[in-house]
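Residue numbers (the numbering used here), protein chains in the order written: chain A, 1 to 195; chain B, 1001 to 1070.
Some clues are possibly wrong.
Restricting the straight-line Cα-Cα distance to at most 20 Å, the calculated cross-link-like pairs of lysine to aspartate or glutamate (DMTMM-like) are [what the hints assert, rightly or not]:
| id | chain 1 | residue 1 | chain 2 | residue 2 |
| --- | --- | --- | --- | --- |
| 1 | A | Lys190 | A | Glu72 |
| 2 | A | Lys186 | A | Glu23 |
| 3 | A | Lys109 | A | Glu179 |
| 4 | A | Lys186 | A | Glu72 |
| 5 | B | Lys1019 | B | Asp1031 |
| 6 | A | Lys118 | B | Asp1031 |
| 7 | B | Lys1026 | A | Asp183 |
| 8 | B | Lys1043 | A | Glu72 |
| 9 | B | Lys1019 | B | Asp1039 |
Just so you have them, the derived chain B footprint on chain A, three or more residues with Cβ under 8 Å [what the hints assert, rightly or not]:
| id | segment |
| --- | --- |
| 10 | 16 to 25 |
| 11 | 74 to 82 |
| 12 | 93 to 100 |
Worth flagging that the hints you see were computed from the coordinates, not collected in a lab. Note that the structure is a prediction, hence the values are computed from the model and not measured. Cβ atoms here follow ideal geometry from the backbone N, Cα and C, with glycine treated the same way.
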Amino acid sequence: MDHFTTMARSGYLCPARWLCAIELAISMPAWLVLGMYMLGGLFGDYFGFVTGITSWLSTVSALGFGAYTMSEYIGLLMPSTNNYIQIIAVLMLILLTGFHWMGTKSAVKSQEILAVIKAVGLLIFVAVLLHIWRTTRRTTSSKYSVKYGCTTDFVGYNRSTQAIFYTYDGWHTATYFTEENTDPAKTLPKSRSQV
Amino acid sequence: MIIVIYILVNAAMLYALPKEMLLNSKLAAADTISYIFGDGFSKIITIFLMVSILGIVNAQIMFAPRVIFQ
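Extracted from the complex, chain A is given alone in its bound form (with noise of 0.2 Å):
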């Protein structure tokens, strides 16, 4: 299998298990509550509690290394500020949490407009290399043409699918937030429509 049907049945097979979360989340609201509360009645408080303390360690460890590549962006760009990496890290922390201090709207709002510029930006990306492409294969010795042969190693390739489904990760987080979500009958179609 090539890249890019990895890529295109993973971007199938990724959305399918999150919107099964996401559809399992309206249906039972408190659905962390209700999987830690399982695994209490299960196995004891002990487990329900580690569940979750585990799934917040995990998602402010996830933050933290968000923000510390930010840093290191910033170092890129600004080769003065190396040696402050890990104090910019923390004061955009800071930054974003008095952001979101100030309500739910606002931060949604920008949320909102970060998607676009993204997938904007995505776009022209695409549009200049596909315009370098088109191009370049009218003469013979583009310079950008290289042939990448498919590799037949394991590990390099279960290397390559955790690549592909870390990129389409993350949707599933809107279960966090389906206790807002009033009219999921309309919302739930119209996401999977843009993916």
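Dock chain B against the given chain A, drawing on the hints supplied.
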């Protein structure tokens, strides 16, 4: 739509960037633009990637407290 965009981005980078450069690249998109247009343009992609990560961090700050709250 998202699937199409992601596949096109991958196809564009695989086509434009030599394999050796792609294997050693930390920021494939920035390196692709840098390879074609020069180092000055890679900053544009780095800024765009920062905006992209800001979107992720922004969403994470929104939902992280809900886990501990619930």
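Hints, verified against the model:
Only pairs whose Cα atoms come within 20 Å are accepted, and Lys190 of chain A paired with Glu72 of chain A is rejected, the gap being roughly 36 Å. Of the pairs offered as hints, the one joining Lys186 of chain A and Glu23 of chain A holds, with about 12 Å between alpha carbons and a cut-off of 20 Å not exceeded. At roughly 18 Å between alpha-carbon atoms, Lys109 of chain A and Glu179 of chain A fall within 20 Å of each other, so this suggested pair holds. Taking the CA atoms of Lys186 of chain A and Glu72 of chain A, the gap is about 40 Å. The hint is violated against a cut of 20 Å.
With a CA separation close to 12 Å, the supplied pair Lys1019 of chain B and Asp1031 of chain B stays within the 20 Å bound. Straight-line distance between C-alpha atoms of Lys118 of chain A and Asp1031 of chain B comes to about 18 Å, which keeps the hinted pair within the 20 Å bound. Among the hinted pairs, Lys1026 of chain B with Asp183 of chain A is inconsistent with the structure: their alpha-carbon atoms are about 42 Å apart, more than 20 Å. Of the pairs offered as hints, the one joining Lys1043 of chain B and Glu72 of chain A holds, with about 13 Å between alpha carbons and a cut-off of 20 Å not exceeded.
Distance hint between Lys1019 of chain B and Asp1039 of chain B is fulfilled; the C-alpha atoms sit about 19 Å from each other, no more than 20 Å. Restraint check on the segment 16 to 25 of chain A versus chain B: 0 residues with Cβ-Cβ distances below 8 Å, three needed, restraint violated. Counting residues of the segment 74 to 82 of chain A whose CB lies closer than 8 Å to any CB of chain B gives 3, which reaches the minimum of 3, so the coverage claim holds. Check result for the segment 93 to 100 of chain A against chain B: holds, 4 residues qualifying (beta carbon to beta carbon below 8 Å, three or more required).
When the structure is compared with the earlier hints, violations turn up for hints 1, 4, 7 and 10 and for no others.
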